[in-house]
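The residues making up each chain are set out below.
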Amino acid sequence: MIKNITLGQYFPGESAVHNMDPRMKIILALALIVVVFLVESLFGFILLAAFIALVTIMARVGAASVIRSIRPLLFIIVFTFILNMFFYNGQTVLWQWGAARLTSEGIYRAVLIVLRLTFLIFSTSLLTLTTSPMQLTDGMESLMKPLSRIRFPVHEMAMMMSIALRFIPTLAEETDRIMKAQMARGAEFDSGNLIKKARNMVPLLVPLFISAFKRADELALAMESRCYKGGEGRTKMKILRYAPRDFMALGITGALAAILVVVF
Amino acid sequence: MPIVVENLFFTYMKGMPFAHIALDDVSFRMEDGEFMGIIGHTGCGKSTLIQMAAGLLKPDRGRVFLDGEDINAKNYDRKKLRRRVGVVFQYPEYQLFEETVEADVAFGPKKAGLSEEETRERVSWALSIVGMDAEEVGKLSPFELSGGQKRKVAIAGVLANKPGVLILDEPIAGLDPAGRDSFMNFILRLNEMGTSIIMISHNMDGLAEYAGRILVMNESKIVMDGTPKAVFAEIEKLKEMGLGASEPREVAHMLLQNGIGVPKDIIRFNELKAFILDKAGKS
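In order, the protein sequences belong to chains D and X.
Residue numbers are given in this note's numbering: position 127 of the first sequence equals residue 127, and the series is strictly consecutive.
Residue numbers are given in this note's numbering: position 203 of the second sequence equals residue 1203, and the series is strictly consecutive.
No lab work stands behind these hints: they were computed from the structure.
Please note: incorrect hints may appear among the correct ones.
[Unchecked claim] Okay, derived cross-link-like pairs now, EDC-like style, lysine to aspartate or glutamate, Cα gap no bigger than 16 Å in a straight line:
1. D:K214 - X:E1093
2. X:K1221 - X:E1006
3. X:K1080 - D:E188
4. X:K1162 - X:D1032
5. X:K1162 - X:E1121
6. X:K1264 - X:E1234
7. X:K1058 - X:D1070
8. X:K1079 - D:E188
9. X:K1139 - X:E1102
10. X:K1273 - X:E1247
11. X:K1264 - X:E1236
12. X:K1221 - X:D1025
13. X:K1079 - D:D190
14. X:K1237 - X:D1225
15. X:K1111 - X:E1098
16. X:K1111 - D:E188
17. X:K1111 - D:D190
18. X:K1221 - X:D1024
19. X:K1162 - X:E1118
20. X:K1110 - D:E188
21. X:K1058 - D:D176
22. D:K214 - X:E1144
23. X:K1273 - X:E1209
24. D:K180 - X:E1093
25. X:K1058 - X:E1006
Small disclaimer: the values here were computed from a predicted structure and weren't measured.
Extracted from the complex, chain X is given alone in its bound form (with noise of 0.2 Å):
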């Protein structure tokens, strides 16, 4: 399902004292299948585009297709698109209530009006993507788990949609390295079963690792489109906008600035290691 974002405008508090423009002419399409990564500093207009596209803000001016379709048209069937597009918001554990996991995953589903059965196994599909398991944990209420496995609970009631476009708002904040890793794992299995994914993040290290696109947005606008490898090349242009690359090519960064000549598109860990290794080897 293509997403196509057509010079999206938007200001917050319009014609208030403290108005400010969060989106300026914001365009980009996305292909099926895609991973795609949005960096940028804190209040440069990340969340509001992806509010954008999973229908949930109005722009001001400008529009957006999915499959081809006007999301804000009139007759636009909006029950089609939340089914189509998952978004995860920062700390999605707040968004629990349900008496059992069970119940609150089964929350989409549900409103989407599939039947007994059909609820039961995507709970039991969207608890397993997440690690976890039905059987096991199905029956407590969410609020005896601790902070990553309610986090996981609320992912699975979004993936319980089974929506072909996951939209994810720094989704890993506040976890720890192993359920960091665990995490960025299962979206990546996700990815790889067909689901589109949108990530915000400022984990540099795991979308060099993982995305196939960054989009940069500064001030209100995208100025810069492109591969990992493409966009963290221009790491000095990054540092302007007070953001930076993946560890692995801040390394390599600086290395070359003590001339020593390491190719720019290093970007992730093993291809440092690689090449160091390579450099020793050889000395």
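The following block holds chain D by itself, in its conformation from the complex (with noise of 0.2 Å):
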């Protein structure tokens, strides 16, 4: 039924990427993929695959997996691609039918894309693949502090997206096992038109509300509790601090960055 739930696509693992703090690896993430759309020779292209091959390779998480996260989007990257291929308005035509106009400009331009998305997909996959879903909202939460002081609900936001994360596989499993409850009472999921399969998802959906209904009025109580009343005045056991890899990661990336905007 539900198979391979990719949101939470941490590969757990010990590596220097995987232990860098997860602050730096955002802003590193968001800057490489500033970079990915700034560069746009050929050669500049090479650096950067070599860069996230290297990274790659350093978090010990697998080729395959990072190839694998492009699946997702593969349809849209395909899309853009002809509609760049066809549709751009270059000046050399090499062929033409109706609107569709193959020009070699267009071409680059829609290699150019196709590079771009598939390297924006793949530097926040490896910040995903190597940083755990609690990692990542505590970091997040750490780099959007500021904006608490325009009274922006920061904590309240983490700590959002940190239980729907964590709920997220649970209530796949949940769902399973409704599913195979009320398909061995004769339900079926997967037949008839949209009206009759969306009728059909009813025996589904009632009990699925119900427990997550529930699950969050347990949720509530544990927490309340455990005195949790926001974020004011709570601390963390675990403190995110940089450390000296954090900064080398920073000099390698940035020193990049600069060569890869100033020179290509």
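Bring the two chains, given one by one in their own frames, into a single complex with the hints.
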């Protein structure tokens, strides 16, 4: 039924990349994305590819899991590729059929977009593969702290996010179980037209909502009984601290970014 | 309807870092009308096995036959399978969804395409088996009922399909002693009416009392298969696997270790009681 939920695609392990401060990883991943969109030349992309390959090797997550992360977005990539290839308003026309024109600028453009999207996905999935969801929200909370000055509920957002992440596998398991229970009673989830399909979902959704609300209620009670009252004055068990390796990573990525932006 | 399970293999999250083997070459044959218990510690593959026996999960390798027909074959009629094999999962009360008890119990028969009349009959029959009155509770919302009653309604919802084989996964977890007894009694009644029962349970006393056969699973394999008396006789082996035997058998074993000769086939309370009274009367 529900297989391979990649939302929490964290790949547990011990490596230099895993052990980095999540804040630094988030910052560097964002920086890398910006760089990906600034680079124009082929050599720049080769350098970027080499860098990403190096980080993948250092993280020891396996090239396959990084490459696999493209799959959900494959359609969008192919779609933009085709769109750019045939509808870009280039000068050197190679082939034309109605509105579709194949120009050498279009081909260049299409390849560029595909490379950019791929590298964007690679760099973000390197972040999510090596950082547990908990660390990720911790890092985000800490990075967005300044926003709380303008009354943005940073802590609440982070808490909501970590609760949501925590419960995705639980709810997925529950969905699977209820689905099987109803299937054993004769329910069908994959037949009929759209309206019928939607109606067939009722035996699944009603129990799922009921148990989700029940869980939320229980969780709230458990949190309150442990004196949770929001972020104010709350201390953390694991305080994020930058280590030398974070600055090293910053230095290396910074140098690469500078070279790529200035030279290429 | 004999169930034949042949060389089942199954691995969860195959090819992923969290992959683990759930079933490793599991085979058994179950005849009509049997009452078979499955025991084993958490994560040994029991639930996976019953899901496969019910056709809710496809094995990586191996086959499952119901009445001699391969249930994973392409042209097998799944609807027929659903009517023949009923499954009661852990905490079945979470599967309730309809507005009234009646409607919820009627879900299965309706899906099977029975007429209004037949459906109504099935509903009152199923509710009566679990000791409830359709007149009394039929129009209530299932969510108004108590926990134990919800479970009964959910089980009635499975029984309403009149399955020839009923598979239960830890059906009595969380029930109070009275609820447990009445539950086991109606399972036994169903079995006497000819329904084959497969029941995963940690309640060894219940299995000692009612089951005709017990499968013991350990680390994704079936390691023992026999009558409760034969299985519980090997109490030390069971303990090694983190399991145990029925309470009377445990007591008998302790007495034996202290030099009191208790036969190994005492597994039920009344057997132990008879033995002790007999001893006491003699001495």
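Quick rundown of the hints versus the structure:
no. : hint              : result
1   : D:K214 - X:E1093  : holds, 13 Å
2   : X:K1221 - X:E1006 : holds, 13 Å
3   : X:K1080 - D:E188  : holds, 13 Å
4   : X:K1162 - X:D1032 : holds, 15 Å
5   : X:K1162 - X:E1121 : holds, 12 Å
6   : X:K1264 - X:E1234 : holds, 9 Å
7   : X:K1058 - X:D1070 : holds, 12 Å
8   : X:K1079 - D:E188  : holds, 10 Å
9   : X:K1139 - X:E1102 : holds, 6 Å
10  : X:K1273 - X:E1247 : holds, 12 Å
11  : X:K1264 - X:E1236 : holds, 12 Å
12  : X:K1221 - X:D1025 : holds, 7 Å
13  : X:K1079 - D:D190  : holds, 14 Å
14  : X:K1237 - X:D1225 : holds, 13 Å
15  : X:K1111 - X:E1098 : holds, 14 Å
16  : X:K1111 - D:E188  : holds, 9 Å
17  : X:K1111 - D:D190  : holds, 14 Å
18  : X:K1221 - X:D1024 : holds, 6 Å
19  : X:K1162 - X:E1118 : holds, 12 Å
20  : X:K1110 - D:E188  : holds, 12 Å
21  : X:K1058 - D:D176  : holds, 14 Å
22  : D:K214 - X:E1144  : holds, 15 Å
23  : X:K1273 - X:E1209 : holds, 14 Å
24  : D:K180 - X:E1093  : holds, 14 Å
25  : X:K1058 - X:E1006 : holds, 13 Å
Hint compliance for this structure: every hint is met.
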